[in-house]
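> Sequence:
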Amino acid sequence: MSRSSKAEDNEPDTLKCYQSRGYIPSRICRYITSVAFSNNRSGESCQKTGHYSSIGGSKLGQAAKTTRTLSGTNSQLRDSTASMPLLSIMRERSFHSSSVALIIRTATKGNKDNTSILETLDKHSKKLVGDTKPNVNKAVKPSNVTTMVMQKLTYINDKKFFNLLDILSDPLYLVACYEEIKGKKGNMTPGSDNYTIDGLDWNWFVKTAETLRKGSIKFSPARRIEIPKSNGKSRPLGIGSPREKIVQKAIHAILEAIYEPLFLEYSHGFRPLRSIHSALRKIYLTGNKYSWVIQGDITKCFDSIPHHIIMKLTSQKIGDPRVLELISKFLKAGYLEPSGNLVKPSVGTPQGGILSPLLCNIVLHQFDLFMDKTIKIFRKGNKRKDSPAYKKALYLRKKETDPKVRKNLLTALRTLNSNDRMDPNFKRLEYIRYADDFVILVTGSIHEATHIKNNAKEFLRRACGLELNSEKTVITNVADNKWSFLGAEIVKLKKNPSFLVSSRFGRQVGNSRLLVKAPIDKLLDKLIKAGFIRRNSKGILLPKMYGAVMNLDHADILTFYNSKLKGLLNFYSFAANRNKLGRILWLLRASCALTLARKYKLGTMRQAFYKFGNFLKCPYTDKVIFIPDSLKVLHDYKRSVHSPLPDEIINISWAGKLTKTSFGKTCAICGTSSNIEMHHLRSVKDVRSKYLSKETLSVSRFAGAIRRKQIPLCSYHHQLYHKGELSHQDIISIANYDK
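Read in my numbering, the sequence shown has 251 at position 251, and its numbers run on one by one without any break.
Some clues are possibly wrong.
Distance condition first, Cα-Cα at most 30 Å in a straight line; then the derived DSS-like pairs of lysine-lysine [stated by the list, open to error]: (1) K152 - K282; (2) K601 - K482; (3) K182 - K376; (4) K376 - K526; (5) K218 - K580; (6) K373 - K391; (7) K529 - K601; (8) K392 - K427; (9) K638 - K611; (10) K332 - K159; (11) K453 - K427.
Between beta-carbon pairs, the in silico distance windows are [as the list claims (entries may be wrong)]: (12) S630 - L396: 45 to 51 Å; (13) P345 - I227: 51 to 57 Å; (14) G671 - P272: 40 to 46 Å; (15) S328 - L153: 19 to 25 Å; (16) L541 - S328: 51 to 57 Å; (17) L394 - E458: 44 to 50 Å; (18) K611 - P272: 21 to 27 Å; (19) I375 - G613: 25 to 31 Å; (20) R583 - G724: 42 to 48 Å.
Hint data in this document are derived by calculation from the structure and do not stem from the laboratory.
Each residue gets a CB set at the ideal place from its N, CA and C atoms; glycine is no exception.
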């Protein structure tokens with residue numbers, strides 16, 4: 001958000017005020033300070049620490065005074081245009097300018113003198129949206145808080161970073177972090193502090209920045225629940241405070257800006273522009289060159305990392321003790337068990353925390369460095385020696401004069417390898433890691449592969465405090481067995497067919513790559529457990545009605561099934577057996593037809609297709625079930641896009657949605673149809689839990705929860721509701737809403 005050169009900053013020679021460092025959201029800072037100065041120029045003054053404006057009793061003036069920059073000084077005017085009219089100040093739209101407009105509206109609420117300022121700001125913003133046509137390269141990833149922090153970090157002496165709290169404790173930086181995470185799922189689920197991100201205002205960001213600056217902030221323990229696994233065991237899941245996730249995101253952006261340039265290419269998990277697909281693509285392109293694969297799995301990685309190792313590694317790059325203290329507080333926050341007991345372990349990163357995957361990557365970066373060194377030491381020879389059998393067949397063909405015999409010898413040559421695959425003087429190693437799952441591909445003997453596995457196990461225990469899972473860490477022969485990695489099934493063709501390819505050196509013999517496939521049988525088993533299909537007494541797979549969504553609208557049922565169909569097809573876009581997914585897609589489509597047949601009491605799946613057509617078209621919205629045009633093999637690896645895992649796609653449930661959508665309706669108070677937001681009165685899950693616990697609960701109250709879970713309110717009245725400023729009559733209007 002901040003421009004770097006003096007020419008772009010428009011720094012004048014006639015009016016200069018000392019400022020040690022630039023401020024990341026400098027445009028946002030300039031908006032607030034410029035509005036304050038343009039509204040009351042009589043109160044402006046210049047001091048060594050910066051410019052100040054006093055607006056009599058105005059909240060905007062107070063916000064402009066108390067807002068700190070990343071350098072720790074108060075808000076400053078950056079150029080001489082600060083005293084000019086507002087339109088000449090705001091030359092172009094800044095990052096998150098909509099958030100700034102909301103902040104200014106909050107600060108100036110109730111002040112009639114500032115009405116013209118807001119109108120001018122809105123007018124100018126609309127003008128910029130309509131007139132400005134920036135030349136943006138679509139292939140370039142747009143800026144985020146991490147890239148902005150990268151521009152402001154500087155090394156000092158021993159390559160450590162200091163004064164990071166100046167970045168962290170700025171309210172507008174926290175607003176930018178809020179904008180990054182506000183759309184994430186789970187932010188409306190309260191943690192142990194019973195707060196969500198709903199109802200935040202500017203004062204909350206100012207107070208949070210102040211507590212960060214003073215070091216008095218405390219992280220509340222996560223609320224832990226147990227998620228059952230297919231093997232009968234359970235996996236713990238922590239639900240943290242959504243509001244504290246904003247602070248975690250702020251720390252995460254700083255750590256990512258510091259460590260992302262240091263991470264090696266072997267790591268693909270929880271990193272920008274990397275994904276499961278980028279890891280699988282590496283295997284697809286180079287995996288056929290290796291003989292053995294070590295499938296590594298770390299035992300409870302996130303729950304087992306010692307805190308002292310995390311603090312030791314982060315202190316090597318972070319010189320600001322106040323930020324280190326924040327990381328330590330985050331780790332020591334602990335979690336609440338379902339029984340209500342507070343546990344504060346000395347190992348493990350908090351489940352569900354935004355910082356946890358990055359802290360895991362920082363620790364396992366040491367393992368990446370170890371494997372990088374191992375790869376360089378293990379490497380031996382420039383090329384394999386020639387195969388004796390191939391050389392003999394080639395010699396016989398050169399001596400042969402009979403064309404038919406020469407043709408047969410050429411056919412035999414193409415079935416042989418030109419080099420010796422067992423050459424002891426040629427060794428190679430490849431390593432790929434996604435979070436706590438990794439594979440090591442070895443060109444060498446089984447004894448060398450075992451030695452590498454033991455060395456990796458010892459290093460993880462000694463340097464990272466982690467243990468390899470003995471059951472899941474296995475060594476597999478690439479040519480003889482199939483193996484799994486990140487939800488894909490990887491096999492090598494038994495007969496390695498050779499074919500001719502054209503290149504600048506002429507026509508050459510090429511070899512096939514590994515087949516990275518979708519595990520069809522495993523996917524079918526997961527669909528059975530999820531309740532979409534079943535096996536009859538003869539073992540034949542048949543579709544099954546999915547009752548959990550039967551009460552939804554027709555269009556919502558189609559949307560639910562489309563999310564499964566598109567999600568699976570999108571994840572397995574790389575699959576070499578993509579055409580085999582047609583069976584799974586048909587079973588899901590048939591399950592949708594059975595669900596609609598039960599909803600409309602049609603009796604059979606055939607009647608549902610007869611009534612709604614092959615696409616099960618909704619008669620009210622014209623929505624249809626998704627059917628792909630083709631299932632042709634694409635080998636499409638979406639390297640920079642994070643795709644949900646198949647388990648997440650299949651198991652996600654919409655059972656909590658028990659109400660028809662309310663979008664498109666009018667505000668329950670004023671009747672306007674613009675800027676409508678959904679206000680959630682209560683959670684249906686809470687009503688269900690009370691019902692199941694045999695608490696006194698009338699049928700009308702249960703039905704009311706279903707009918708009135710969501711209330712449409714305009715943005716203005718929705719904000720008033722959460723601030724407790726609605727009139728008595730407005731509250732009655734909400735209570736009587738039943739549409």
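> If a hint holds in the structure, say so; if it doesn't, say that too.
These are the hints, each one checked on the structure:
Restraint check for K152 and K282: the C-alpha separation of about 33 Å exceeds 30 Å, so the hint is violated. Taking the CA atoms of K601 and K482, the gap is about 46 Å. The hint is violated against a cut of 30 Å. Pair hint K182 plus K376 does not hold up; C-alpha atoms about 44 Å apart against a cutoff of 30 Å. A hinted pair counts as satisfied when its Cα atoms are at most 30 Å apart, and K376 with K526 does not qualify at roughly 41 Å.
Distance hint between K218 and K580 is unfulfilled; the C-alpha atoms sit about 52 Å from each other, more than 30 Å. Of the pairs offered as hints, the one joining K373 and K391 is violated, with about 36 Å between alpha carbons and a cut-off of 30 Å exceeded. With a CA separation close to 25 Å, the supplied pair K529 and K601 stays within the 30 Å bound. Taken as a hint, the K392 and K427 pair is honoured in the structure, with Cα atoms around 25 Å apart against an allowance of 30 Å.
A C-alpha spacing of about 38 Å is found between K638 and K611, which places the hinted pair above 30 Å, so the restraint is violated. Restraint check: the Cα-Cα separation between K332 and K159 comes to about 27 Å, which is no more than 30 Å; the hinted pair holds. At roughly 16 Å between alpha-carbon atoms, K453 and K427 fall within 30 Å of each other, so this suggested pair holds. One distance hint, 45 to 51 Å for the beta-carbon pair S630 and L396, holds here, with the actual separation near 47 Å.
Against the hinted window of 51 to 57 Å, the Cβ-Cβ separation of P345 and I227 comes to about 19 Å, which falls outside the hint. Between G671 and P272 the beta carbons are some 45 Å apart, a value that agrees with the proposed interval 40 to 46 Å. Separation of S328 from L153 is about 21 Å and conforms to the stated range, judged on CB atoms against 19 to 25 Å. The given range of 51 to 57 Å is respected by L541 and S328, whose C-beta atoms sit roughly 52 Å from each other.
For the hinted restraint 44 to 50 Å between L394 and E458, the CB-CB distance of approximately 46 Å keeps it satisfied. Restraint check, K611 to P272: a C-beta distance of roughly 48 Å breaks the suggested window 21 to 27 Å. For the pair I375 and G613, the beta carbons lie near 57 Å from each other, so the given range of 25 to 31 Å is not met. A hinted range of 42 to 48 Å is violated for the C-beta pair R583 and G724, which are about 56 Å apart.
Hint compliance for this structure: hints 1, 2, 3, 4, 5, 6, 9, 13, 18, 19, 20 are broken, all remaining hints hold.
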